[in-house]
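Quick note, the sequences are listed as chains X and U, same order. Using the numbering used here, the first residue of the first sequence is number 126, and each one after it goes up by one. Using the numbering used here, the first residue of the second sequence is number 65, and each one after it goes up by one.
What the hints contain is simulated information worked out from the structure, not anything from laboratory work. Every residue gets a Cβ at the ideal spot worked out from N, C-alpha and C, and that includes glycine. Just so you know, not all the hints are guaranteed correct.
[Stated by the list, open to error] So these bits of chain X aren't anywhere near chain U, every CB distance computed over 10 Å:
1. Arg213
2. Asp224
3. Arg226
4. Trp243
5. Tyr337
6. Thr373
7. Asn389
8. Leu396
9. Arg408
10. Val419
11. Val499
12. Gly507
13. Ala509
14. Ala515
[What the hints assert, rightly or not] Partial list, derived from the structure: chain X residues whose beta carbon lies under 10 Å from chain U:
15. Thr147
16. Asp183
17. Asn220
18. Glu229
19. Glu233
20. Asp241
21. Arg242
22. Glu244
23. Asp256
24. Asp289
25. Thr366
26. Thr369
27. Val416
28. Gln422
29. Leu438
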Amino acid sequence: MKTLNSVWAFLALASIACAAHTSNWAVLVSTSRFWFNYRHLANTLSLYRTVKRLGIPDSQILLLLPDDMACNPRNAFSGTVYSNADRRMDLYGENVEVDYRGYEVTVENFIRLLTDRWEEGVPASKRLQTDEGSNILIYMTGHGGSEFLKFQDSEEISSWDLADAFSQMREKKRYNEMLFMIDTCQANTLYRQFYAPGVIATGSSEEDESSYSHHADNDVGVAVIDRWTYYVLEFLETQVTGPTSDKTLGDLFDSYDVGKIHSNPGVRWDLFPGGEQAGRSRRVVDFFGNVQNVEVQGNQTGVESLKEDLQGLKRLVQDYQAFAAAQESNKTEMSDVVQRRNLEAVSSGKIRQKQRHTVGKLQLSENAQWARQVAGATVLSGLAALWYFAPKLM
Amino acid sequence: MSLSSAEESSSTPADGGSATDPSHGPPPPPEQPKSTWTRRLIILAFWAVIVTLGWPHWVFTTSIHRSDLPLESMNRWADGKACQLHYPLYIGLAWDDYDISQVQDLASQVQSLLSAENDLSLYDFYIIADATNAETSQRATLLAEAGGELRGHREHALFVNVIADPSAKSTSASLRTWRPVLEVRHNPGRTVDSTTLAPFIASEIRKVYEHEKDAISHLLKDTPFTTSGQVEALSPEVKSSLDARRTRAFKYAATYHLTFSLFTSSASPSAWEAEQALEESISPLLDRLSSISEFTVDTQVQLLASFSPSIAGPQYNESTQEWKLQRTDLSGFVNAAEWPLNPGIGSGPTINFVLFVPSEDQSPLVLAETGGNSWLIPQWGGVQILNPSGKQSERLSAADLRPVMLTFADQLSALLGLPDSPASPSLRITSLVRERATSLVLSASSTLGALARLSLKLTSIAIPDSVAKSVDETILRLDEACHDLREGRYHRALENARTAEGEAEQAFFEPSMVGQVYFPEEHKVAVYVPLLGPMAVPLVMAALKEFRKLRGTKAKVA
Numbered sequence: 126m127k128t129l130n131s132v133w134a135f136l137a138l139a140s141i142a143c144a145a146h147t148s149n150w151a152v153l154v155s156t157s158r159f160w161f162n163y164r165h166l167a168n169t170l171s172l173y174r175t176v177k178r179l180g181i182p183d184s185q186i187l188l189l190l191p192d193d194m195a196c197n198p199r200n201a202f203s204g205t206v207y208s209n210a211d212r213r214m215d216l217y218g219e220n221v222e223v224d225y226r227g228y229e230v231t232v233e234n235f236i237r238l239l240t241d242r243w244e245e246g247v248p249a250s251k252r253l254q255t256d257e258g259s260n261i262l263i264y265m266t267g268h269g270g271s272e273f274l275k276f277q278d279s280e281e282i283s284s285w286d287l288a289d290a291f292s293q294m295r296e297k298k299r300y301n302e303m304l305f306m307i308d309t310c311q312a313n314t315l316y317r318q319f320y321a322p323g324v325i326a327t328g329s330s331e332e333d334e335s336s337y338s339h340h341a342d343n344d345v346g347v348a349v350i351d352r353w354t355y356y357v358l359e360f361l362e363t364q365v366t367g368p369t370s371d372k373t374l375g376d377l378f379d380s381y382d383v384g385k386i387h388s389n390p391g392v393r394w395d396l397f398p399g400g401e402q403a404g405r406s407r408r409v410v411d412f413f414g415n416v417q418n419v420e421v422q423g424n425q426t427g428v429e430s431l432k433e434d435l436q437g438l439k440r441l442v443q444d445y446q447a448f449a450a451a452q453e454s455n456k457t458e459m460s461d462v463v464q465r466r467n468l469e470a471v472s473s474g475k476i477r478q479k480q481r482h483t484v485g486k487l488q489l490s491e492n493a494q495w496a497r498q499v500a501g502a503t504v505l506s507g508l509a510a511l512w513y514f515a516p517k518l519m
Numbered sequence: 065m066s067l068s069s070a071e072e073s074s075s076t077p078a079d080g081g082s083a084t085d086p087s088h089g090p091p092p093p094p095e096q097p098k099s100t101w102t103r104r105l106i107i108l109a110f111w112a113v114i115v116t117l118g119w120p121h122w123v124f125t126t127s128i129h130r131s132d133l134p135l136e137s138m139n140r141w142a143d144g145k146a147c148q149l150h151y152p153l154y155i156g157l158a159w160d161d162y163d164i165s166q167v168q169d170l171a172s173q174v175q176s177l178l179s180a181e182n183d184l185s186l187y188d189f190y191i192i193a194d195a196t197n198a199e200t201s202q203r204a205t206l207l208a209e210a211g212g213e214l215r216g217h218r219e220h221a222l223f224v225n226v227i228a229d230p231s232a233k234s235t236s237a238s239l240r241t242w243r244p245v246l247e248v249r250h251n252p253g254r255t256v257d258s259t260t261l262a263p264f265i266a267s268e269i270r271k272v273y274e275h276e277k278d279a280i281s282h283l284l285k286d287t288p289f290t291t292s293g294q295v296e297a298l299s300p301e302v303k304s305s306l307d308a309r310r311t312r313a314f315k316y317a318a319t320y321h322l323t324f325s326l327f328t329s330s331a332s333p334s335a336w337e338a339e340q341a342l343e344e345s346i347s348p349l350l351d352r353l354s355s356i357s358e359f360t361v362d363t364q365v366q367l368l369a370s371f372s373p374s375i376a377g378p379q380y381n382e383s384t385q386e387w388k389l390q391r392t393d394l395s396g397f398v399n400a401a402e403w404p405l406n407p408g409i410g411s412g413p414t415i416n417f418v419l420f421v422p423s424e425d426q427s428p429l430v431l432a433e434t435g436g437n438s439w440l441i442p443q444w445g446g447v448q449i450l451n452p453s454g455k456q457s458e459r460l461s462a463a464d465l466r467p468v469m470l471t472f473a474d475q476l477s478a479l480l481g482l483p484d485s486p487a488s489p490s491l492r493i494t495s496l497v498r499e500r501a502t503s504l505v506l507s508a509s510s511t512l513g514a515l516a517r518l519s520l521k522l523t524s525i526a527i528p529d530s531v532a533k534s535v536d537e538t539i540l541r542l543d544e545a546c547h548d549l550r551e552g553r554y555h556r557a558l559e560n561a562r563t564a565e566g567e568a569e570q571a572f573f574e575p576s577m578v579g580q581v582y583f584p585e586e587h588k589v590a591v592y593v594p595l596l597g598p599m600a601v602p603l604v605m606a607a608l609k610e611f612r613k614l615r616g617t618k619a620k621v622a
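For reference, chain X alone in the conformation it holds in the complex:
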């Protein structure tokens, strides 16, 4: 077993040397409902497809969609969601797992999800079960304003709430590094209040600036994708082609073109250890892809020694049982005799005891019922008397 573990350790070494994080999670939130906000759900679903393509499994993706565009009666292409007017790729049709849908997407649930403060019985698929080695990608989109983001047209989350939630995650060591992306109007204001270390934040527009949609599909009838998300996806699809791509966050953020996006996207580096330099060198797949250090078992000698160990263990278990039995028999012989006597007594009086028990049970229940009936009859007759005699008394 020793040589086996050292082989594993060596292989783990080789793979761990490059990545300091041990798992990847993604939280993709759309915050608007209604048909005309089709593009927000399309944004989120395109990010979902990208993240899946690059390897993050569904069990580590939390997808929050407040409305169902695919089955909306206004959808001319029902069962589908497209993020491009050419309708080449359906984002929704197969292999999609939505974790929070409809009215479950609320500010409270979102903050509970981040800080992991749940009641008993909330299933694991709705929880963000990260640990100190997890990198988290958080993407939010919807309608927002200066330092707030609107959820489902009825409530809002402020940048202070988000900042506090992230600091609680940091206290409990729930993430290693986090990439926060947001595509709303005045998006950059939402990460202004963050103070937890280890977060890189990027938004689509500055304060007092709106973010725009990219294009509309004439047959679907509404805009299908937002500009900033469209160009981010373009980068991800053309440059980050597989889970082993070397493109860095610096490349991603350098690809922002204000002329195309029509607003000023921003990046916040100061919370990241090592600042901009360290942040720019992080690979895109460190957040969008999935790392899984698989340890391959090489030789079989470890298994042989384990077989011997297990046989010795079986013998030991038998020894235990024999020893325990010997101990018990050694204890007292009196207790044995006493036990035997008890057994006899019980077996002879058993039948009688049983009968008594059952008779007793019946009687109890009968008693209770009769008492209840008497009480009910008394109350009824009292009320009837009151009804009959009260006017006479008045």
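Use these hints to put chain U onto chain X, whose structure you have.
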């Protein structure tokens, strides 16, 4: 206000003649004292209701209940000042056929040698000469390990059984596999007295506990529980192997759920004798590990399991006539979307063991880089490929599954974090007990510190009483766990530490401690002004007018 104006207006018509010139009319008669007092009483009544009923009611309904947390003791635990971690190890020494005085002499020599080289300041060795027969005292300790109470014997970590073997060429030592016994064989003809034996025994004992000492130093290294002098620096290889073990193993939990799944690519084999195979190979291991955690076992079979579309899939290799699976495919091999894994069985993590049987036309399926057929996914579980042999029937028999289960047992012990050395598995389990107890104490302390910081920083979240209760329970259990560690009662320390960790997590992750914690001032103004404004304005104006009048009359009188 309205009363006074009514009086003024009622006085003018009584005048008569000069109604056309109201500004030069006779002054209105002074207010009667009775009506002034009535007016003042009315205003006082309104304000009395506001002050005695309204304001306390508002304070009561809008204040946040924050129960008192013992912040100083929480911070003391988080800073590591509340507990001095110390690990006493009681080692029994038995030397058959020699009398007790010689055994005691040897014991004291070994003890003095071990305490002299005090680089292991966290560990303290106490060598106790055992007068009784070595076998029975070992058995008593084993019973105690299995969960019973140890009567009369202290919980010994190790037994050193010195055997005088005339046929031994030199002094040698070996660890027995499933008992915590170190057998030292020496040739009585050569080593007559104990002065040459003692250094050998001391160095052997130190070797046994070396890895554990490294592991615990690594755990405590960057925490405030040790000072820098106590913990020595580790070499990079040791550090990286300890890190690898930590990232590979699951976090400690009181219950682990093991699932063994058979995924068949085609329709056969469709069943397996899993229960029998598990009984043979896995249950003994789980029995031994039951002192650390509980285990539940589930099995399932899934037929026609397909690969995930995101992996490349096995490639046929002409030269070896095998289908090869690339390393990059290994992490995506488990088709998380289609294969029913990762269920919510209960509290506690799920360790998944997957046995995959490829179809006839894709077998034999092996791994490209090593030619083996199994791999381990850290903090998730293990996967194995069983290539169907020619005589495959519909049902995988227990004999077929025996090697499979052995590999799974091996992977299980790695996933639970069992250390690599010493060579005896039972010593490894006790060393894991100590490591887990330590890490649980550390984690509970840091949670307490995080909760203390949280309660100070977020002043507007409510802290219910259950949190205060959990915190008190945590501190109590941490004290007991520290006490147990210092006394050498490691299993009880693990229990206490486990409870402390559970309570601390419950306190920190209290579900009612979430809420939208931030209300900007504009929101408060926007809510209160329309609500209370129309009510407050007349009351305040009336009160101010009365005060002015009161001061006016006082000036006149004075």
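Okay, the hints, checked on the actual structure:
1. The non-interface label for Arg213/X is consistent with chain U: the shortest C-beta to C-beta separation is roughly 18 Å, beyond 10 Å.
2. Every C-beta of chain U lies more than 10 Å from that of Asp224/X, the closest at about 13 Å, which supports listing it as non-interface.
3. At the 10 Å boundary, the C-beta of Arg226/X stays outside the reach of chain U, the nearest C-beta of that chain being 18 Å off.
4. Not every CB of chain U lies more than 10 Å from the CB of Trp243/X, the least distance being 6 Å, so the non-interface label is violated.
5. Separation of Tyr337/X from chain U is adequate, the least Cβ-Cβ distance of about 28 Å exceeding the 10 Å criterion.
6. Every Cβ of chain U is farther than 10 Å from the Cβ of Thr373/X; the closest lies at roughly 20 Å, confirming the non-interface assignment.
7. Once the 10 Å rule is applied to beta carbons, Asn389/X is consistent with being away from chain U; the minimum gap is 25 Å.
8. The Cβ of Leu396/X lies farther than 10 Å from every Cβ of chain U, with a closest approach of about 17 Å, so its non-interface assignment holds.
9. The claim that Arg408/X is not at the interface with chain U holds, since no C-beta of that chain comes within 10 Å of its own (minimum 16 Å).
10. A Cβ of chain U approaches the Cβ of Val419/X within 10 Å, the least distance being about 4 Å, so the stated non-interface status is violated.
11. Every CB of chain U is more than 10 Å from the CB of Val499/X (nearest about 44 Å), matching its label as outside the interface.
12. For Gly507/X, the condition that its CB be more than 10 Å from all CB atoms of chain U holds, with the nearest at approximately 40 Å.
13. For Ala509/X, the non-interface assignment is confirmed: its Cβ lies about 44 Å from the closest Cβ of chain U, beyond the 10 Å cut-off.
14. Residue-level check passed: Ala515/X sits 39 Å from the nearest beta carbon of chain U, beyond 10 Å.
15. With a cut of 10 Å, the hint placing Thr147/X at the interface with chain U holds, because the nearest CB-to-CB distance is about 5 Å.
16. A distance limit of 10 Å between C-beta atoms decides the matter here; for Asp183/X the minimum to chain U is near 6 Å, and the interface restraint holds.
17. Look at Asn220/X: its Cβ gets to within about 6 Å of chain U, closer than 10 Å, so that hint holds up.
18. Violation of the interface hint for Glu229/X is found here, the shortest Cβ-Cβ separation to chain U being roughly 15 Å, above the 10 Å cut-off.
19. With 10 Å as the threshold, the beta carbon of Glu233/X comes within range of chain U, its nearest partner Cβ sitting at about 7 Å, so the hint holds.
20. With 10 Å as the threshold, the beta carbon of Asp241/X comes within range of chain U, its nearest partner Cβ sitting at about 6 Å, so the hint holds.
21. Below 10 Å, beta-carbon pairs count as interface contacts, and Arg242/X has one with chain U at about 5 Å; its hint therefore holds.
22. About 5 Å separates the beta-carbon of Glu244/X from the nearest beta-carbon of chain U, less than 10 Å, and the hint is met.
23. Among the interface hints, the one on Asp256/X holds; its C-beta lies about 7 Å from the nearest C-beta in chain U, closer than the 10 Å criterion.
24. For Asp289/X, the shortest C-beta to C-beta distance to chain U is roughly 6 Å, which falls under 10 Å, so the interface hint holds.
25. For Thr366/X, the suggested interface contact is broken, since its CB lies about 13 Å from the closest CB of chain U, more than 10 Å.
26. At its closest, the beta carbon of Thr369/X sits 7 Å from a beta carbon of chain U; the interface hint therefore holds under the 10 Å criterion.
27. The beta carbon of Val416/X comes within 8 Å of a beta carbon in chain U, closer than 10 Å, and the hint placing it at the interface holds.
28. Satisfaction of the interface hint for Gln422/X is found here, the shortest Cβ-Cβ separation to chain U being roughly 5 Å, below the 10 Å cut-off.
29. With its C-beta approaching chain U no nearer than about 4 Å, Leu438/X sits inside the 10 Å limit, and its interface hint holds.
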